[in-house]
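Hey, can you work out the whole structure from these sequences and the hints?
There are 2 protein chains.
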Amino acid sequence: MSEPAAAIDFYFEFSSPYGYIASQVAEDLEARIGRRLRWRPILLGPIFKITGQAPLTNIPLKGDYAKRDFARTARMHGVQYRHPDDFPIGTVAGCRAFYATDERDRRAARALAKALYRAYFVDNRNIGDAATMLRVAAETGLDAAALGLAIDDPGLKARVKGEVDAAIAAGVFGSPFFIADGEPFWGVDRIPMLEDWVRKGGW
Amino acid sequence: MSEPAAAIDFYFEFSSPYGYIASQVAEDLEARIGRRLRWRPILLGPIFKITGQAPLTNIPLKGDYAKRDFARTARMHGVQYRHPDDFPIGTVAGCRAFYATDERDRRAARALAKALYRAYFVDNRNIGDAATMLRVAAETGLDAAALGLAIDDPGLKARVKGEVDAAIAAGVFGSPFFIADGEPFWGVDRIPMLEDWVRKGGW
Chain A
3 MSEPAAAIDF
13 YFEFSSPYGY
23 IASQVAEDLE
33 ARIGRRLRWR
43 PILLGPIFKI
53 TGQAPLTNIP
63 LKGDYAKRDF
73 ARTARMHGVQ
83 YRHPDDFPIG
93 TVAGCRAFYA
103 TDERDRRAAR
113 ALAKALYRAY
123 FVDNRNIGDA
133 ATMLRVAAET
143 GLDAAALGLA
153 IDDPGLKARV
163 KGEVDAAIAA
173 GVFGSPFFIA
183 DGEPFWGVDR
193 IPMLEDWVRK
203 GGW
Chain B
3 MSEPAAAIDF
13 YFEFSSPYGY
23 IASQVAEDLE
33 ARIGRRLRWR
43 PILLGPIFKI
53 TGQAPLTNIP
63 LKGDYAKRDF
73 ARTARMHGVQ
83 YRHPDDFPIG
93 TVAGCRAFYA
103 TDERDRRAAR
113 ALAKALYRAY
123 FVDNRNIGDA
133 ATMLRVAAET
143 GLDAAALGLA
153 IDDPGLKARV
163 KGEVDAAIAA
173 GVFGSPFFIA
183 DGEPFWGVDR
193 IPMLEDWVRK
203 GGW
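Chains A and B supply the protein sequences, listed in that same order.
Throughout the first sequence, residue numbering follows the working numbering, covering 3 to 205 in sequence.
Throughout the second sequence, residue numbering follows the working numbering, covering 3 to 205 in sequence.
Any given hint might turn out to be false.
You can't tell identical chains apart in this list, so a pair holds if it fits in one copy or across any two.
Unchecked claim - Below, a list of computed lysine-lysine pairs in the DSSO-like style, where the Cα atoms sit at most 27 angstroms apart:
no., residue 1, residue 2
1, Lys202, Lys69
2, Lys51, Lys69
3, Lys51, Lys163
4, Lys163, Lys202
None of these hints come from the bench; they were simulated from the model.
Computed from a prediction, not measured in an experiment: that's the story for all the values here.
Structure (structure tokens):
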């Protein structure tokens with residue numbers, strides 16, 4: 003077929019260590035498979051209400067494993083990682099800032115996402131705080147004052163809620179979560195499987 | 003060092019699809035890395051009471067993903083898979099039969115584990131039923147009558163409880179779960195990471 007292949011949806015939550023690691027390797031993935039990722043931040047809070055799940059680090063036994071695994075998975079991918087002092091955090095402000103930016107400039111939105119993730123998981127800055135989030139946005143060249151207004155706009159808030167609802171409708175329950183040609187892949191450790199699936203058209 | 007490397011602990015639950023898949027690829031893994039796996043069936047029921055987790059297929063959103071993923075992960079590894087009609091099941095009888103056999107014949111216990119898994123995940127036989135489990139054991143050449151008595155022995159029951167308690171103490175919260183040189187790896191999808199870790203002595 004001569005039509006370009008559809009984008010692969012890449013869902014992530016800004017408070018998710020594995021989402022952060024995925025964001026750092028996502029562009030290499032795009033280059034390897036020749037497919038564009040559509041970056042879609044989401045909020046795990048409303049999703050966990052549906053699934054009854056809790057943040058990984060709060061779960062007995064699994065929490066200790068998770069903290070060890072965040073760091074070693076980052077090392078495996080050559081990604082810097084410092085577990086944030088405040089964890090997990092609410093990331094609705096960052097999520098809104100992403101979509102407010104994405105509506106006008108997809109490239110700038112992606113740069114914002116990467117900067118927010120690095121601010122949180124490398125520089126230990128609490129991006130759950132709206133003022134801190136806006137300072138990080140300004141450092142990427144965005145107009146923080148305009149963005150501060152934009153994220154309070156009711157239409158934008160509804161748009162973000164709609165994104166989360168759409169993710170839930172698509173079956174998204176974790177971060178990172180990829181959907182390629184209708185096939186779901188959960189976790190940064192499933193990137194090799196996603197890649198093989200996309201190359202072969204399933205199996 | 004001239005001492006042989008310590009065995010890698012391989013924990014699994016007989017009702018776990020990913021544990022089944024791991025059991026089917028475990029001997030290839032041993033051959034590739036030149037390390038012996040110590041097979042240790044466990045029971046996720048008491049573990050889930052501690053972690054507050056539920057069987058995967060009972061979790062909203064995650065359950066649908068899991069059912070799809072069991073089958074495609076099996077296909078990826080070239081392993082037969084038929085999702086059992088009765089799922090999940092209690093597997094304490096199989097677990098006891100394994101350890102009763104393992105005390106005298108490690109090789110026979112491993113053959114029993116593989117046969118129980120195939121009976122459940124290929125032939126749709128409910129190995130949660132003790133009589134069915136003993137029939138499968140007999141098909142591997144074991145003395146079903148003797149095994150039926152052995153699994154009711156209070157000493158053996160205590161041994162199995164001790165195995166589960168030891169697994170919990172070691173941080174095991176899922177199936178399959180590997181511990182190599184003190185480092186934990188959860189999931190059949192983490193076998194490549196385990197392999198890399200063992201080859202390099204960590205990173």
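How the hints compare with the structure:
no. : hint               : result
1   : Lys202 with Lys69  : between (34 angstroms within a copy, 21 angstroms between copies)
2   : Lys51 with Lys69   : both (23 angstroms within a copy, 21 angstroms between copies)
3   : Lys51 with Lys163  : within (14 angstroms within a copy, 34 angstroms between copies)
4   : Lys163 with Lys202 : neither (35 angstroms within a copy, 45 angstroms between copies)
Against the hints set out earlier in the document, a violation occurs for number 4 only.
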